[in-house]
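What follows is the residue order along each chain.
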Amino acid sequence: MAHAHQETVHVNVLPPDRAKIKKLWMTALILLIITILEFIVAFTVPHEYKDLRVWIFITMTIVKAAYIVGEFMHLRYEVKVLIWSILIPMIFIVWMLVAFLYEGMAISNVR
Amino acid sequence: MASTSVATAPGRSAWDGGVSPMGASYGKLMMWFFLLSDAFTFSALLITYGLVRSAHPVYTGTVHAFKFSAGYWPIPERVFEAVPFLHGVEAPLVFVGIMTFILIMSSVTMVLAVEAGHRMDRKAVEKWMLWTILGGIAFLSCQAWEWGHFIHGSETGRAVVEGTKFFGANLVHNQYGPPDFAAFFFFITGFHGFHVFSGVCLNFLIYYNTVTGVYERRGHYEMVEKVGLYWHFVDLVWVFVFTFFYLV
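Going down the list, the protein sequences come from chains A and B. Our numbering puts the first residue of the first sequence at 5, with every later residue one more than the last. Our numbering puts the first residue of the second sequence at 301, with every later residue one more than the last.
Don't read these hints as lab results, they were simulated from the structure. All C-beta atoms, glycine included, are put in the ideal place defined by N, C-alpha and C. Please note that the accuracy of each hint is not assured.
Footprint (simulated), chain B over chain A, 3 or more residues, beta carbon under 8 Å [unchecked claim]:
id : segment
1  : 20-30
2  : 39-53
3  : 58-70
4  : 83-93
5  : 100-108
Covered, in the sense of this in silico footprint (three residues per stretch, anywhere, with C-beta under 8 Å from a C-beta of chain A), are these stretches of chain B [stated by the list, open to error]:
id : segment
6  : 354-365
7  : 397-410
8  : 419-430
9  : 482-488
10 : 497-509
When you get a sec, could you build the whole thing from the sequences and use the hints?
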């Protein structure tokens with residue numbers, strides 16, 4: 005790359021994409037709101053409703069994860085092959101989760 | 301979707317090479333697959349945490365009457381309730397909330413740096429990368445305090461044997477609950493913290509290269525994008541650690 009050694013480089017700087025930047029800040033706002041909601045749930049829903057609490061937390065976490073991966077990591081706008089190449093292997097995580105839950109129940113039964 | 305692989309010059313087939321079927325460069329693609337493998341590692345840690353936790357007895361009393369004991373798994377909000385400069389004030393999970401806020405904000409500044417890179421706006425990339433690095437350092441500082449507090453323990457401690465008390469935590473004993481609790485705290489938040497540290501180093505490298513004009517001469521800021529993916533992943537992992545270690 006001979007031209008890489010040139011001292012003066014003419015760069016065409018484009019103006020900021022207002023719509024895109026606004027969307028990014030909106031995503032951040034959504035993430036913060038969900039986090040605040042998680043706090044509210046943590047301190048208002050009593051610990052007796054353990055299952056309800058856990059399910060609310062898991063749902064909110066997955067929503068947050070979807071926003072981070074989709075918008076911040078830009079996966080939503082990638083080619084479909086790429087999206088599926090990343091999402092399909094997640095099956096292994098689900099598999100591990102199910103297997104370990106099953107194992108955990110077995111351990112509880114033994115004790 | 302398959303249009304990218306079909307668009308070849310006349311007389312050439314897609315098998316001749318020179319096309320990118322996934323619409324992403326080699327480096328970006330490999331970053332995605334590295335992050336996928338890293339996701340497996342973190343899942344293994346968090347799922348194992350769930351398994352070990354479920355194998356321990358559950359505390360059944362009220363949150364208010366909760367006392368540290370090795371007999372059951374502690375309630376996280378009673379363990380993590382200290383905030384720097386507010387000595388003796390019980391503020392459950394407030395400090396973790398601040399850390400979460402810092403990490404989300406640094407993710408936004410990172411994505412703004414990527415946006416500026418697309419526009420070849422060197423000054424804006426420099427500005428946002430600097431904010432991202434600051435956010436990362438702030439998070440690491442918070443974690444250092446959190447670890448320090450966890451290791452030194454609260455003033456009450458926990459009565460171990462008649463007349464003796466144990467304060468704080470190490471890998472063998474801790475005042476909060478079963479030994480595994482502290483072990484998982486060190487492993488999970490430690491592994492995540494190490495990722496944040498690596499991220500700050502990479503971010504600094506990118507900042508340095510931006511300032512010295514490496515990417516301007518190269519004609520694109522794709523390195524910012526790749527390291528950005530890594531940085532967002534670190535934020536993503538924290539979202540899961542926050543839920544499964546601190547909230548549930």
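Going through the hints against the structure:
Restraint check on the segment 20-30 of chain A versus chain B: 6 residues with Cβ-Cβ distances below 8 Å, three needed, restraint holds. Only residues whose C-beta sits within less than 8 Å of a C-beta in chain B count toward coverage, and the segment 39-53 of chain A has 6 of them, enough to reach three; the restraint holds. Coverage of the segment 58-70 of chain A by chain B holds. Counting CB-CB distances below 8 Å, 7 residues qualify, and the rule asks for three or more. Coverage of a stretch by a chain is defined here by at least three residues with a beta carbon nearer than 8 Å to that chain's beta carbons; for the segment 83-93 of chain A and chain B the count is 7, and the condition holds.
Here the segment 100-108 of chain A counts 6 residues with a CB under 8 Å from a CB of chain B, which clears the bar of 3, and the coverage holds. Given a C-beta distance limit of less than 8 Å, the hint that chain A covers the segment 354-365 of chain B holds, as 4 residues qualify and 3 suffice. With a cut-off of 8 Å between beta carbons, the segment 397-410 of chain B has 8 residues touching chain A; three or more are needed, and the interface restraint holds. Requiring three or more residues with a Cβ within less than 8 Å of a Cβ of chain A, the coverage given for the segment 419-430 of chain B holds, as 5 such residues are present.
Only residues whose beta carbon comes within less than 8 Å of a beta carbon in chain A count, and the segment 482-488 of chain B has 0; fewer than three means the coverage is violated. Check result for the segment 497-509 of chain B against chain A: violated, 0 residues qualifying (beta carbon to beta carbon below 8 Å, three or more required).
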